[in-house]
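Same order as they appear, the protein sequences are chains A and B. Read in the working numbering, the first sequence has 286 at position 286, and its numbers run on one by one without any break. Read in the working numbering, the second sequence has 1278 at position 278, and its numbers run on one by one without any break.
Treat the hints with care, since some could be wrong.
DSSO-like cross-link-like pairs, simulated, lysine-lysine; straight-line CA separation at most 27 Å [as the list claims (entries may be wrong)]: (1) A/LYS41 x B/LYS1233; (2) A/LYS53 x B/LYS1041; (3) A/LYS53 x A/LYS41; (4) A/LYS53 x B/LYS1053; (5) B/LYS1053 x A/LYS233; (6) B/LYS1053 x B/LYS1041.
Since the hints were made in silico from the structure, they are not lab data.
Protein chains: 2
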Amino acid sequence: MTKIDIAALDAEDPLACFRERFYLPEGLIYLDGNSLGPAPKAAFTGFGEVVEKEWAEGLIGSWNTAGWFAAPKTLGDRLGAFLGAAPGQTVVCDTTSINIFKAVHAALGLRPGRRVVVSELDSFPTDLYMLGGTGAEVRLLGRDGDRLEDLIDGNVAAVLLSQVNYRSGALFDMTAINRLAHDAGALIIWDLCHSAGVVPIALDAAGTDFAVGCTYKYLNAGPGAPAFIYVAKRHLEEARQPLSGWWGHARPFAFEAEYEAHPGIEKFLCGTQPIISLRGVQAGLDALDGVSQSALREKSLSLTHLFMDLCEPLCRDYGLVPGTPREDRQRGSQVSFTFEHGYAVIRAMIERGVVGDFREPGLMRFGFAPLYLSHADIKRAVEIMESCLADRVWLDPAYQVRSPVT
Amino acid sequence: MTKIDIAALDAEDPLACFRERFYLPEGLIYLDGNSLGPAPKAAFTGFGEVVEKEWAEGLIGSWNTAGWFAAPKTLGDRLGAFLGAAPGQTVVCDTTSINIFKAVHAALGLRPGRRVVVSELDSFPTDLYMLGGTGAEVRLLGRDGDRLEDLIDGNVAAVLLSQVNYRSGALFDMTAINRLAHDAGALIIWDLCHSAGVVPIALDAAGTDFAVGCTYKYLNAGPGAPAFIYVAKRHLEEARQPLSGWWGHARPFAFEAEYEAHPGIEKFLCGTQPIISLRGVQAGLDALDGVSQSALREKSLSLTHLFMDLCEPLCRDYGLVPGTPREDRQRGSQVSFTFEHGYAVIRAMIERGVVGDFREPGLMRFGFAPLYLSHADIKRAVEIMESCLADRVWLDPAYQVRSPVT
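The task is simple: from the sequences and hints, build the whole structure.
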């Protein structure tokens, strides 16, 4: 692929105008939006407003006048719309881990007599850790069987899967797997951490039962910003979850001694939410305003495709092993390689202005956010990766002591 | 009490210099710090720094370089020191509700065979709601018995109490009740939401087992800022809690499929924390730096005492019923009255520049934060309350439609 092709791809990019909505340090190529998205410029004023005006000036009254109390629901509906969910099914709250706990408990409650949850050995570990805490019996794709369909039987209450795998970047077909689960009478819980904001998602249309995810990766809401949970309307009346805090009460301000779950999605709320961090979710959604899902997907595939093409000679020459599906429909917006010197290469690339990340063992991982990356960025990133490989940076003692790359 | 006495009290106030650490709107007397503390001035730069420098410039690297990953522990140790806890027993994370869930589960696990948790009917409701979600058998002071000692027997795993009652402002004797629980082989869980920051607390010295609380009341950390949990060192090895997320893993960055709880207080962490809201906890602790616990307590009692004295004629003339203990050792830093027109009076007082709050049914509630209130403020607040009562503001239709006062 020649330089001219790349310039043409960028010239025709309908999403190029979104780049200016984000702050990125001068000269940096950021391929780590799958770990922490960059700051939308609007966040600077957004946080200033919530701190200086709403908290400092408005004080307690801002719970109502500034919409703080309603924020998990207001933001949930807005995020839900982006994920193909009608209003009243999504709230922004707590963490992905805690929302997984709620969803698994709710699913077990909706399928009495069934105690098995099917998941994937290669899930982001917290999903499995949280499953362990629910007391469910766990079957894992990649350990207990080769095919998902062999694991799902009449004992399975729910299937919990990441739509995009955090290591390989592989993408599951949501509709097909929902059908697989439903055919066996099981429910589906999707972890959208690595897909929300970059893969078109249609929760209602796909017949999804539950979904959870974080907002600080491709939704650019800021470090550790509250997560979200979606529960399909058809389950809301019957669903229960044990984190029955006051924000989930039918009448939270009546201060009744007995808990009565809110009839709506609010029953999936628990305690008071971190309002200032929540403002980041608003900034992140503002930065997505007006984006076309199909343009997002098209550019995402174009970026990952270009990256994989340009990396082919490096794989051949240095022994990097590609870990990401080449076929478009099986790929999220992330590309990874395993390489024994991956840690040193990622560290050196960061020092040369390209931020990717490293996961033990030996995984070099690059995320591609169509809103702020150009094809020229990708070409430059590969050139820098090549320079690190050519320099055999792993021989440099500075890159041999491991400090965590979060 | 004459005007001269009040001026003298303020002139001799060793905490008067702390007032300038807080931003308070011009002319406002804020008696609602027991609901949401005001903004420490340092918060303005603190939030700017975490957003503009650490997130926007530092991006993913700030998890390490800016201490984000360590923040729950770093802030926990610092808050712990203020609450009389040696390092390694406190983390700042999640919400009070969720931390109650963790503590109750841990206590039940440490007392196998015992399924009862004793609490108080008049607890902040979320404590009871969360208890309900744990599956514990619940006995309530105020419903099942008149005296706490009659409720605690060999079936009781834990006693969960608010140190300061959110309605009456009554203060429990932590050491005495710890002894009561321990004598029956039960553990104690203290909810410090309405005492932390205003009542001297010595968790280790009192032999407390677990404590939880929020940081956004008298700790002034901002709306919905993350809560805290303390677990006494002697329980850390054996204690388990079911919200077993990746931040509680012994090796969170090893990405192992099996959960292994961290040996320390970190096992009480679960998912990724809201870093920007966490920065408010730092600002709140900074604003407390150098305060003397005894001076804090002395001024708190002086303020509440003065308020109750000045309100006596109002109670007599208008029928407000005092709900707060007059005896110093039984009182936190809050005074409340029940009054049938309480809602209208609180609303009118707010419009006249004195912020208190209202809780159903009929409870007028005032919090007294020694760091930013003067005795002159208290006198003025009572004058304004008196003007609202004299004006019979409840006859004004504007104050009859209820909107929630959070």
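Status of the hints after comparison with the structure:
1. A/LYS41 x B/LYS1233: Cα-Cα ~44 Å, so violated.
2. A/LYS53 x B/LYS1041: OK: A/LYS53 and B/LYS1041 at ~13 Å, within 27 Å.
3. A/LYS53 x A/LYS41: Holds, because 19 Å separates the two Cα atoms, which is no more than 27 Å.
4. A/LYS53 x B/LYS1053: 21 Å, holds
5. B/LYS1053 x A/LYS233: 41 Å, violated
6. B/LYS1053 x B/LYS1041: OK: B/LYS1053 and B/LYS1041 at ~19 Å, within 27 Å.
The structure is inconsistent with the numbered hints 1, 5, although it conforms to all the rest.
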